[in-house]
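2 protein chains.
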Amino acid sequence: MRRWNGWGDETTVVELPSHGEAFLAELIGPGQALADASLEQVLAKVPASRLSAHPLVSLDAEARLRHARGQSLADWLAMRSGEFGVFPDGVAFPESAAQIRQLLAWASQQDLIVIAYGGGTSVAGHINPQASDKPVLTLSLERMGKLIEIDDDSLIATFGPGANGPQVESQLRARGYTLGHYPQSWELSTLGGWVASRSSGQQSLRYGRIEQLFAGGKVETFAGTLEIPSFPASAAGPDLRELLLGSEGRFGIISEVKVRISRLAEQENFYAVFMPDWQQALAGIRRLAQARVPLSMLRLSNAGETRTQLALAGHPQQIAWLEKYLALRGAREGKCMLTFGVTGSRTQNGASLKQAKALLKGFGGVFSGTLLGKKWVENRFRFPYLRHGLWSAGYAVDTLETATDWSNVDSLLNKVEVSLRDGLGEEGERVHVFTHLSHVYGEGSSIYTTYVFRPGNSYEQALARWQRLKHAASQTIVANGGTISHQHGVGRDHAPYLAVEKGELGMAALKALSAHFDPEQRLAPGVLLEQ
Amino acid sequence: MRRWNGWGDETTVVELPSHGEAFLAELIGPGQALADASLEQVLAKVPASRLSAHPLVSLDAEARLRHARGQSLADWLAMRSGEFGVFPDGVAFPESAAQIRQLLAWASQQDLIVIAYGGGTSVAGHINPQASDKPVLTLSLERMGKLIEIDDDSLIATFGPGANGPQVESQLRARGYTLGHYPQSWELSTLGGWVASRSSGQQSLRYGRIEQLFAGGKVETFAGTLEIPSFPASAAGPDLRELLLGSEGRFGIISEVKVRISRLAEQENFYAVFMPDWQQALAGIRRLAQARVPLSMLRLSNAGETRTQLALAGHPQQIAWLEKYLALRGAREGKCMLTFGVTGSRTQNGASLKQAKALLKGFGGVFSGTLLGKKWVENRFRFPYLRHGLWSAGYAVDTLETATDWSNVDSLLNKVEVSLRDGLGEEGERVHVFTHLSHVYGEGSSIYTTYVFRPGNSYEQALARWQRLKHAASQTIVANGGTISHQHGVGRDHAPYLAVEKGELGMAALKALSAHFDPEQRLAPGVLLEQ
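Chains as they are written, first to last, in the working numbering: chain V, 266 to 796; chain P, 266 to 796.
Hints may contain errors.
Repeated chains share a single entry, so a pair holds when one copy, or any two copies, can fit it.
[Unchecked claim] The calculated lysine to any residue pairs, modelled on SDA-like cross-linking and capped at a C-alpha distance of 25 Å, are: (1) K483 with G768; (2) K622 with Q532; (3) K619 with N534; (4) K776 with R506; (5) K310 with E643; (6) K735 with A396; (7) K310 with E348; (8) K483 with G707; (9) K411 with G707; (10) K640 with A658; (11) K680 with R787; (12) K640 with Q796; (13) K776 with Q796; (14) K776 with L324; (15) K483 with I415; (16) K483 with Y762; (17) K680 with R408; (18) K622 with T612; (19) K411 with R506; (20) K399 with Q544; (21) K680 with G481; (22) K639 with G595; (23) K680 with D418.
For the record, the hints were derived by calculation from the structure and aren't laboratory data.
Isolated chain V, as found in the complex (with noise of 0.2 Å):
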């Protein structure tokens, strides 16, 4: 079952290992648990339902708890602690696009907010109700999740929204095909969401961004659906797929997708590289870009990321060997791991091999072989279970991300490590920051930064100085020629920060856009524009 205040499934269990512990601990001191809030501690606090009855509409107090916050590290901390907030008055769970519309159309009479569910994995707030005079209907798209058809002829494959990653992909290989989307969130996240939210996955090298995955589709909004036909290409006038992406649920509800699969690839494989300093990785990792080497996966961990990599991997003798060997060969202190794919035929990715390796040794790069990439694909969606290791521990931790130019990735991502090595400075609390690029294209890369703090002695604290660290660093993404975000989207959490980069003519044009699809503004208000 998935857990009601964490990340996936409750079987799923990943510890911090003890020299983990101790590594952390000696970084920025022992941890600080906080106490759990139960279930029914916060089932007792769920208010009464504003709605009437509707057939399609569940006011269970635990469906609405469950629909209530997303991931974020504020979301975390309002799980645990029981402090939710604001809980949606119900939640539908429509089976059709004519099921949604008479949704939409109920809510226009009775006066309602409609959010617009996924899988429940934001981390910038997309999900959370507001506190609001109006009732709010939070409308879960995971009963349509069905692969509705496929055209084998052009790769398209039609999709209900609320299909998450492991059922669009189950659906697709039983069929010899892949989409090969892998965001972080892939084991929840679905569809309709990576098209709102402008999801980017893992393998983005190989298989593009949801962007060039996502072919056209169906949205219902409160001025009618918009049909959007699929073209491989077309040059008549803006295109509309590019409005709904990323329109985060402002716009209308989507209540079909096609996409643009794959074949299935004949061979993938993961190989790591250690490279002698992060100048030269830096150097390394443009140049595979730009150079279209076609690799299917690029990742460049910086020295911070490498060392807390190591250090947290288990097996802590393994990984004395593989250092000292990596010394020998040239690899030592300040060392960064880069792990990249080849996904294709076999003589693709022999070719494809060949040049990645001659290239990065030219940079001075050790290549270690297929092992460490092993571990990665093994450990690709895990992550996330992590957090409640740490929190275990004691350890706060949470991700932000952005992504800017070449000439501007290595400044941006020095500026953000230290707005939030020092956010907590004047209180005199340490923070532990690492950071890896994990999206590289021609023109620069995302930047993906972790950090883990203590929380602090309460729940009050904890989340305060999350929200100094998160306006630190977004602040300083923002004021430095960094996009507010790569992939998480907007939300509520970054839409203080988006005028910055579309300006104040093109913030105006966006909600014009909510103004003409969503004429009285029930659609998730506050999210990705603050009004």
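Given chain V, work out where chain P should sit, using these hints.
The following block gives chain P in isolation, referenced to the frame of chain V:
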């Protein structure tokens, strides 16, 4: 000097070879040449301007004449007959964003219509002034063609919007870079025009369409300046770049363009392969695209185009030997020419060529080496000049295009060809029609059809024939799952067909954006959106 009544530079003359004339005469009857008007005759028809004087605006009759029409066949007939229709009241030549803003303010104050003019190469009526109570100011960007800066790390170049193809490439190549964007109109069309009309180049398979190349920039609108920063990717809400791409001068005047450039490749080669028949050719090219073989260009002529190209190629003796060789290897009547390019390092190109040859051999392809590939490179921008040669011989030629998913390519292509081939059947007039696929994607392909017909005995008859053919094909395209344009844009000529693919709600969204950026509706009214 640029021709005032046709394509390109006056010194470039492409004539129809005599055996080509015989080929066409047999297919659709002997040519019917019509007399051309002279420049003096047309200049005498330019009416007095309704504009008051402005230091940045020319009221000169020849300048107004030279900015009155684009390059559609309707434009051609207007220019050749001397019946230009409406002339702009003046042409402005701003040299900076500040001057563009000054001109927009003046237009507002003087109650003018404003039309942005890049290279004047539209084949869909984008830049043609319409009869209006308000004077029309055409705003040419030709003095804003400079390279402003290059970010060598991020491979981003910033240009003025008026840089045409040769200006873009010469300024980049001097520093070791290329944009790699080569639409057929490359000699005259401009960067700003490419962005505004969602242009696609012949090597988009490697470099991407303009959507992928356009990284950001500035637009001067009646509601203020929109500045779009460059990010490699972003999940921060809908992408404002995508609003601008395809907006066709309805939202504002582009004053600066940032593009993603590439280092010049080590090596580039083009090859021709003859496929035994259309079905094998179609299956082969689809498989090449879906297998992600890293080619830089891929183009497939159907049997009709292959036959026509070989007939019009010149060197009939060489062609006869080629056909004998191909027949021995299995490519006889009905054969289809496939051209592909590889661009990159020697290693990459070797690997790509090997994969492409092996794959196409599996579909019966006969590899003919690089000779015809070299011919293609030599002649890649020559086709628009051929309209002159055909016209002198008494034939009118036009092209039109669409894109659709692979499952629909063959069917739609046939329907479009039939709509043209039978389009003048009531008059007992034959039309010669042939097609190629020039932009292929995993999902589907563009379809680019050329049709040659006789103009009849008068310009009125020629225009009526063209209108009948254009309408029949456009109607066929949108009624059968094609986009009204893959690369030429919407303009005025395609605007009546746009609602079929955008839907009522989508059209209203585009109108809401137009009203947002241009509240008094001064910018190119009737272009893209019929109102």
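These are the hints, each one checked on the structure:
1. Proximity of K483 and G768 under a CA criterion of 25 Å is satisfied inter-copy only: 11 Å between copies versus 29 Å inside one chain copy.
2. For the homomeric pair K622 and Q532, the shortest alpha-carbon distances inside one copy (18 Å) and between copies (21 Å) are both at most 25 Å.
3. Both within a single protomer and between protomers do K619 and N534 lie at most 25 Å apart by alpha-carbon distance, with minima of 13 Å and 22 Å respectively.
4. Taking CA atoms no more than 25 Å apart as the test, K776 paired with R506 passes in both settings, with 17 Å inside one copy and 16 Å between copies.
5. Taking the closest pair of Cα atoms, K310 and E643 never come within 25 Å of each other, the shortest separation being 39 Å inside a single copy and 76 Å across copies.
6. Only within a single protomer do K735 and A396 lie at most 25 Å apart by alpha-carbon distance; the minimum there is 23 Å, versus 57 Å between protomers.
7. Taking the closest pair of Cα atoms, K310 and E348 come within 25 Å of each other only inside a single copy of the chain (9 Å); across copies the shortest separation is 79 Å, beyond that limit.
8. For the identical chains of this complex, K483 and G707 are inter-copy neighbours only, at 22 Å across copies versus 32 Å inside a copy, given an alpha-carbon limit of 25 Å.
9. In the homo-oligomer, the alpha carbons of K411 and G707 lie at most 25 Å apart only across protomers (23 Å), although the nearest pairing inside one protomer, at 36 Å, exceeds that limit.
10. Taking the shortest Cα distances, K640 and A658 sit within 25 Å of each other inside one copy (24 Å), while across copies they are farther apart (70 Å).
11. Taking the shortest Cα distances, K680 and R787 never come within 25 Å of each other, neither inside one copy (38 Å) nor across copies (45 Å).
12. For the homomeric pair K640 and Q796, neither the shortest alpha-carbon distance inside one copy (45 Å) nor that between copies (59 Å) is at most 25 Å.
13. In this assembly of identical chains, K776 and Q796 lie within 25 Å of each other by CA distance both inside one copy and across copies; the values are 8 Å within and 22 Å between.
14. For a Cα distance limit of 25 Å, the shortest separation of K776 from L324 qualifies neither inside one copy, at 32 Å, nor across copies, at 40 Å.
15. Within a single copy, K483 and I415 get their C-alpha atoms as close as 16 Å, which meets the 25 Å cut-off; across copies the closest is 41 Å, which misses it.
16. For the homomeric pair K483 and Y762, the shortest alpha-carbon distance between copies (21 Å) is at most 25 Å, but the shortest distance inside one copy (30 Å) is not.
17. Within a single copy, K680 and R408 get their C-alpha atoms no closer than 44 Å, and across copies no closer than 40 Å, so neither meets the 25 Å cut-off.
18. Proximity of K622 to T612 under the C-alpha cut-off of 25 Å is found in both arrangements, the shortest distances being 16 Å within a copy and 13 Å between copies.
19. Taking CA atoms no more than 25 Å apart as the test, K411 paired with R506 passes inside one copy only; the shortest distance there is 21 Å, against 33 Å between copies.
20. With identical chains, the CA atoms of K399 and Q544 are never at most 25 Å apart, being 54 Å at best within one copy and 60 Å at best between copies.
21. With identical chains, the CA atoms of K680 and G481 are at most 25 Å apart between copies only, with a shortest distance of 24 Å across copies and 39 Å within one.
22. Taking CA atoms no more than 25 Å apart as the test, K639 paired with G595 passes inside one copy only; the shortest distance there is 23 Å, against 47 Å between copies.
23. For the identical chains of this complex, K680 and D418 are inter-copy neighbours only, at 19 Å across copies versus 48 Å inside a copy, given an alpha-carbon limit of 25 Å.
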